[in-house]
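**Student:** Spelled out, the chains give:
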Amino acid sequence: MKLETNATRMELLRLKKRIVIARRGHKLLKDKQDELMRRFMDMIKGYRELRYNVEEKLADAFKVFILSRAVTRKEYFEEAFLGKKESLEVQVSSFTIMNIKAPKFELKSVPDFYTYGFSSTPVDMDRSLALLSEALPLMVQLAQIEKGIELLAEEIERTRRRVNALEYVLIPSLQETIKHITMRLAEMERSNLTRLMKVKDIVRAH
Amino acid sequence: MVKIEFHNMHDDTRYSFAVGKIRALESKMLDNGLIMRMLKSSGMEEMLKILGDTEYGAGMNESADVSFESILDNELRRIYEFVHKIDPDPMWTDIWRWRYDAHNIKVILKAGFSNKDAMVHLIPLGMVDPQDLVSWLQEGDYSFLPPSFKEAVEMALSFDEKGEKSGQEIDFIIDRALYLYLSLEAENSKNPFVRHLVEIMVDFINIKAFLRTSGKGMAKGLFERSFLPGGYIKEEAFLDQGEKRHDETVRSILGNMRYEELIPALGSGNVALLEAAMESFLITYIRQTRRRAFGVEPLIGYILAKEIEIQNLRLIYIGKANALEEGLIKERLRDAYV
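So the protein lines, in turn, are chains S and L.
Residue numbering for the first sequence follows the working numbering, starting at 1 and increasing by one per position.
Residue numbering for the second sequence follows the working numbering, starting at 1001 and increasing by one per position.
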């Protein structure tokens, strides 16, 4: 799509400068997009492994948890977790990936999972809580990676839109406009030349 | 295995009717074959169909909406009430109900500390009505409690004043009071069956606690705090083992004491399997009461066997409901009484 401009030499020079900058910007953005994609793929690979690990741990923990519930009365089971609520502390800071500020989660204090006596609680309860406590830091790590991936994906999307805008809109428009102005200026040049030749012929006839 | 010399014991002929009734009821209990059929059933529905043909069927037919847990609870309540009715001296069959009161006391204390509703977690099978227990504890009236419980409740409440509201500590205090009470009562009963039964129960809890507290993430000194008195195995037997690993300590304790049958289960390395083996051991112990014609022992044996039977049913039902592997359920099943 041609830009609305005056077909002047000044404008042509300005547009030529603009297209150089646009092409340079496009290249830089394209490189950024490639690097973002590379980082994204790396993170996805790590994420997949961690997710698989966490899911496996949680599946084991829940299976043993159900087993422990199966050998105990519901009331005994609930009584075991009725005491003081333990809390865990997660410190949130940030770090940058390719100039994107991503959150960093750090597990500062882990609660005491074993808040019950041993006479009416089944042994499997300890094992399921041990598995859950093993999964907890991994889950926090997973949340950090997930958020990082989300932010990276948004940045990739934004960069891709910019690259596409430059590649398919701005640069073609500038090219078209430059071509139009060049043709227009050439046309004007020819018109001037013809006019001058005509004037010269008239002068010669007199 | 602890052998009870019933022929040396006094025959209490007051129990002849009650023992006769219990013998009739024992024949209706679920045997290993039936439990295996339920385990191998294709799902919950088939399992319930098999169970419907047993004495649980009556409770299941009462209402279609009733939950499986309620069926089991109703059955247990029925058993306790029935045994209480036929027992000429219900004292020795009632003392086991204090286990439910101990649970209820723990719930009320913990719920009080954490501002939660206690009623939903109470078990109405104890000696004291849960509603009364809540109001008496709130009023500070402990006159209805055995002395060991009274002291334990006061100690647990003093924790609150000091701001040390650990749910685990409350459990330890109340459990200690419960088993102290049971041991004293067992001693007073002069009945070797009851005395050994309490000793075995306490020993098993202590052995499990010793193995459990050796696990990763468990606080130091937890075993000493959780240790229950009244068992055959003394605390020193666990603690005076030098640098031995916990399972090695337990192996030598089991070998030196009277629980050699449990050594193979300990060898599996899975304490949950040892737990199942312990309850099967308990069943084998109380099964000896089936040879007793006159006395309270068959009644106590029947109550405890019924509790383990219900536990087996719960295990199969929840296992089926959650599609757990048959092998996992099977290895945790306790022996049937009949």
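A hint or two may mislead.
Beyond 10 Å from chain S on every Cβ pair, some chain L residues (computed) [said to hold, decoys possible]:
(1) 1002
(2) 1058
(3) 1066
(4) 1075
(5) 1131
(6) 1151
(7) 1209
(8) 1213
(9) 1219
(10) 1228
(11) 1275
(12) 1291
(13) 1326
According to the in silico footprint, chain S covers these stretches of chain L (three or more CB under 8 Å from chain S) [as the list claims (entries may be wrong)]:
(14) 1047-1053
(15) 1098-1111
(16) 1170-1182
(17) 1318-1324
Here are the in silico distance ranges between beta carbons for each label pair [stated by the list, open to error]:
(18) L:1014 - S:111: 32 to 42 Å
(19) L:1024 - S:140: 39 to 49 Å
(20) L:1159 - S:140: 29 to 39 Å
(21) S:88 - L:1023: 36 to 46 Å
(22) S:44 - L:1268: 50 to 60 Å
(23) S:37 - L:1267: 49 to 59 Å
(24) S:88 - L:1045: 57 to 67 Å
(25) L:1247 - S:81: 20 to 30 Å
(26) S:81 - L:1024: 21 to 31 Å
These aren't lab readings, by the way, just hints derived from the structure by calculation.
All values derive from a computational prediction rather than experimental measurement.
C-beta: ideal position from N, C-alpha, C; glycine also.
**Student:** Against the range 32 to 42 Å, how does the distance between the Cβ atoms of residue 1014 of chain L and residue 111 of chain S compare: consistent or not?
**Tutor:** 54 Å Cβ-Cβ, so the 32 to 42 Å window is violated.
**Student:** Mind verifying the non-interface call on residue 1066 of chain L? Its CB should be farther than 10 Å from each CB in chain S.
**Tutor:** With a cut-off of 10 Å, residue 1066 of chain L remains clear of chain S, as the shortest Cβ separation is near 15 Å.
**Student:** Just checking, residue 1075 of chain L versus chain S, shortest CB gap more than 10 Å?
**Tutor:** It holds; residue 1075 of chain L is separated from chain S by about 13 Å at its closest Cβ, greater than 10 Å.
**Student:** Take a quick look at residue 1058 of chain L and tell me if its Cβ sits farther than 10 Å from every Cβ on chain S, holds or violated.
**Tutor:** Label holds. Min Cβ-Cβ 22 Å, cutoff 10 Å.
**Student:** If I take the minimum Cβ distance from residue 1219 of chain L to any residue of chain S, is it greater than 10 Å?
**Tutor:** Violated, because the least Cβ-Cβ distance between residue 1219 of chain L and chain S comes to about 7 Å, which does not exceed 10 Å.
**Student:** Regarding residue 1159 of chain L and residue 140 of chain S, is the given constraint of 29 to 39 Å on their beta-carbon distance met?
**Tutor:** holds, 32 Å
**Student:** For residue 1291 of chain L, which was marked as not at the interface, is the minimum beta-carbon distance to chain S over 10 Å?
**Tutor:** Consistent with the label, residue 1291 of chain L stays out of reach of chain S, its closest Cβ about 29 Å off (over 10 Å).
**Student:** Using Cβ atoms and 10 Å as the threshold, tell me whether residue 1228 of chain L really stays out of contact range of chain S.
**Tutor:** Given a closest Cβ separation of 7 Å, the condition is violated.
**Student:** Could you tell me whether the CB distance from residue 88 of chain S to residue 1023 of chain L stays inside 36 to 46 Å?
**Tutor:** violated, 55 Å
**Student:** Closer than 8 Å Cβ to Cβ for three or more residues is the test here. Does the stretch 1047-1053 of chain L pass it with chain S?
**Tutor:** violated (count 0)
**Student:** According to the definition I'm using, a residue is off the interface if its beta carbon is farther than 10 Å from all beta carbons of the partner; does residue 1131 of chain L meet that for chain S?
**Tutor:** Check passes; 15 Å lies beyond 10 Å.
**Student:** Residue 81 of chain S and residue 1024 of chain L, beta-carbon distance inside 21 to 31 Å?
**Tutor:** violated, 41 Å
Taken one by one, the earlier hints fail for this structure at numbers 7, 8, 9, 10, 11, 14, 18, 19, 21, 22, 24, 26, listed in ascending order.
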